[in-house]
Amino acid sequence: TQTVSQSDAHVTVFEGDSVELRCNYSYGGSIYLSWYIQHHGRGLQFLLKYYSGNPVVQGVNGFEAEFSKSDSSFHLRKASVHWSDSAVYFCAASSYQGGRALIFGTGTTVSVSP
Amino acid sequence: GGIITQTPKFLIGQEGQKLTLKCQQNFNHDTMYWYRQDSGKGLRLIYYSITENDLQKGDLSEGYDASREKKSSFSLTVTSAQKNEMAVFLCASSRQISQNTLYFGAGTRLSVL
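Listed in order, the protein sequences are those of chains A and B.
For the first sequence, position 90 matches number 204 in this note's numbering, and the numbering has no gaps at all.
For the second sequence, position 2 matches number 854 in this note's numbering, and the numbering has no gaps at all.
Just so you know, these hints were derived from the structure itself, not from any lab.
Be a bit skeptical, because a hint or two may be false.
[What the hints assert, rightly or not] Calculated lysine-lysine pairs in the DSSO-like style (CA-CA distance at most 30 Å, straight line):
hint, chain 1, residue 1, chain 2, residue 2
1, A, 192, B, 893
2, B, 922, B, 909
3, A, 183, B, 922
4, A, 163, B, 874
5, B, 909, A, 163
6, B, 893, B, 909
7, B, 893, B, 861
Keep in mind it's a predicted model, so treat the numbers as computed, not measured.
The whole structure should be built from the sequences, with the hints applied where relevant.
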């Protein structure tokens, strides 16, 4: 069974703090990983993706994520959060070989306090 | 740029009713998806369509039908609405089935009385 798990349901940080959101996956073979953000009442928006090469990938608005095959992880990080980063963050995965749709984790809600 | 339009934004139904949700995209993308979002459960895949005239079941397809009428549109039907059901249905599209960014609509919020 292919799964994506996000262990933290809710994270609260202060503006200017760093944040790391955890994502672990269970997939056989090569994998395609991505992160999405959902602001309240909106659809999801793409942040970044990884499928090969440099395990650290950069996304929009200062987000980056690091792939680790040994840990089966793809954690998302930001060095200094802004109040507008308050949102729900979803990790997603699919088989790199194609033919299958993205499977999403349960999401992590990030609340940024002033 | 393009846009994904989901109609209606809000849908209120009665128990046992058949309800249809519509999705249009102008990205000229091949692949379209329907996900259901429940609080605390993330997004679960209902149906997807790799190309026009294709239909694939996701993990949550029971109780739903889907139709890819043309490349730009993908409809989802709740075959029999369940009492007190509340969820958001998200439509998305991508250039191809894999390794591609998904673009999402704003969602249809369903409430069943």
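query = Is it true that the CA of residue 192(A) sits at most 30 Å from the CA of residue 893(B)?
reply = Given that 30 Å is the threshold and the Cα spacing comes to 24 Å, the pair holds.
key: 30 Å Cα cutoff - pair residue 183(A), residue 922(B)   = 40 Å, violated
Hint consistency between residue 163(A) and residue 874(B) [alpha-carbon to alpha-carbon, up to 30 Å] = 28 Å, holds
ask   = Within a Cα-Cα threshold of 30 Å, do residue 922(B) and residue 909(B) meet the stated pairing?
value = 18 Å, holds
key: Pair hint outcome, residue 893(B) versus residue 861(B) [Cα-Cα no greater than 30 Å]   = 21 Å, holds
message = Checking one constraint from the list: CA of residue 893(B) to CA of residue 909(B), max 30 Å. Satisfied?
response = This hinted pair holds, its Cα atoms lying about 19 Å apart.
key: Agreement of residue 909(B) and residue 163(A) with the hint, judged by alpha carbon distance not exceeding 30 Å   = 25 Å, holds
In this structure, only the earlier hint numbered 3 is contradicted, and the remaining ones agree with it.
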